[in-house]
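Residue numbers (my numbering), protein chains in the order written: chain R, 1 to 184; chain D, 1 to 103.
Calculated from the structure, these hints are not laboratory results.
Only a predicted model underlies this, so the values are computations on that prediction, with no experimental measurement involved.
It is possible that part of the hints are untrue.
Computed cross-link-like contacts, BS3-like style, restricted to lysine-lysine with a CA-CA straight-line distance of at most 30 angstroms [stated by the list, open to error]:
{"no.": "1", "chain 1": "D", "residue 1": "Lys-57", "chain 2": "R", "residue 2": "Lys-106"}
{"no.": "2", "chain 1": "R", "residue 1": "Lys-47", "chain 2": "D", "residue 2": "Lys-32"}
{"no.": "3", "chain 1": "D", "residue 1": "Lys-5", "chain 2": "D", "residue 2": "Lys-85"}
{"no.": "4", "chain 1": "R", "residue 1": "Lys-175", "chain 2": "D", "residue 2": "Lys-5"}
{"no.": "5", "chain 1": "R", "residue 1": "Lys-106", "chain 2": "D", "residue 2": "Lys-72"}
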Amino acid sequence: MDEEEKYLNQMAKQGLMFKKYTEFGIYHFEKNKPEDLHYRVDYRTFKNKNEFDSYVVLLDDAGWNLVYGNYHSGIQYFLPKNKNISDELFSDVESKAERYKRFNIKCMTSLCLLAVYLVVVIITDKFHFSEIGLFWKLFLIEVPLILLRTVPVIILFVMAIIYGCCAYRAKKLYKESLNKKQSL
Amino acid sequence: MNLNKFLPLTETTFYVMMSLLEPAHGYAVMQKVEELSEGKVRIAAGTLYGAIDNLMKNKMIRSVESEDKRRKVYVITEQGREVLKLEAERIRHIVKVIEDAGL
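Chain D with its partners taken away, still in its complex shape:
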């Protein structure tokens, strides 16, 4: 599958995927995103649910067994990791273009 079609990631999607490098449930993702973005990105609950739903459909994340029956726990998939790497490559190139221009 051509993973490039998922790029560029939205800020929400990017931070949700990054938060799920380790298994976590929904609310933990919200806290993790705030931490990773140094408080700059706060994902609202409805947006997060939608993002998780989309990521599940596209097999970027999967749900894992957990002791907490009420809260679903998610973790990134191999495909999700690949997409993050592609995104890093894309951003690296953008940064290079900007720096080459002397900005």
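Pulled out of the complex, with its shape left as it was, chain R reads as follows:
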């Protein structure tokens, strides 16, 4: 969220222009001359491509260039057309808080999907073992296979934890920003 924006800005200062984001937290950069940029991130899901287009056109009219994002990416990156401007995408507390909430939902959805996947893998794994009564005989053949199955599981497990942490932090930020408003 805010850290993500900061991270992209810092990379731009080093001459690495953010180009694309793919799942599993991989950022694609392009080497260029260092610049002071102000990236902004939004987390929106759209019913269809039309909705997404009208969103991009509205932001474009308001002076924002879409750097990366499409109607099913769930995440959108923008840069102001006037590079010297460090405007925000959100102008009131409610909408800023809403963004944290959307991020939280995004993380929770990923977390649930991962959980379902893990359960499925574990269940099929158990079946696998019981079918092969002669487990030790097949040990040598099985070991690489098991590794092949468990390595992704471990990676996914770690990702599940990361998603969980992100979701928790987003929720905290959401509550904090709403509290800030109440104390005014």
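Fit chain D to the supplied structure of chain R, relying on the hints for placement.
Just chain D, lined up with the frame of chain R:
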């Protein structure tokens, strides 16, 4: 439906609804809000998109046909007008309470 549940309106929501008494597209709403508030309220693009999305869901505004295929045009609904009237009543009462207190 009890329209009172939508009150009080946030400043953003209020100005967006007021801007849509006449049909307009998103960016025109941003300009209109600035004009109506005499430059005091400037709605950022992300906030405006969210506000429009919420107002559409609650049927306060609706989208209308337009020649511009890329930009969606919106206008206030009858229900939206009713909510604005209720809001005016609410604010009128607040102003009266303040004035009665001699402030």
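To see whether the hints hold, each was checked on the structure:
Taking the CA atoms of D:Lys-57 and R:Lys-106, the gap is about 20 angstroms. The hint holds against a cut of 30 angstroms. For a cut-off of 30 angstroms, the pair hint linking R:Lys-47 to D:Lys-32 stands: about 28 angstroms separates their Cα positions. The straight-line distance between the Cα atoms of D:Lys-5 and D:Lys-85 is roughly 14 angstroms, inside the 30 angstroms bound, and the hint therefore holds. Among the hinted pairs, R:Lys-175 with D:Lys-5 is consistent with the structure: their alpha-carbon atoms are about 22 angstroms apart, no more than 30 angstroms.
For the suggested pair R:Lys-106 and D:Lys-72, the alpha carbons sit about 26 angstroms apart, so the restraint of at most 30 angstroms is met.
Checked against the numbered hints given earlier, the structure satisfies every one of them.
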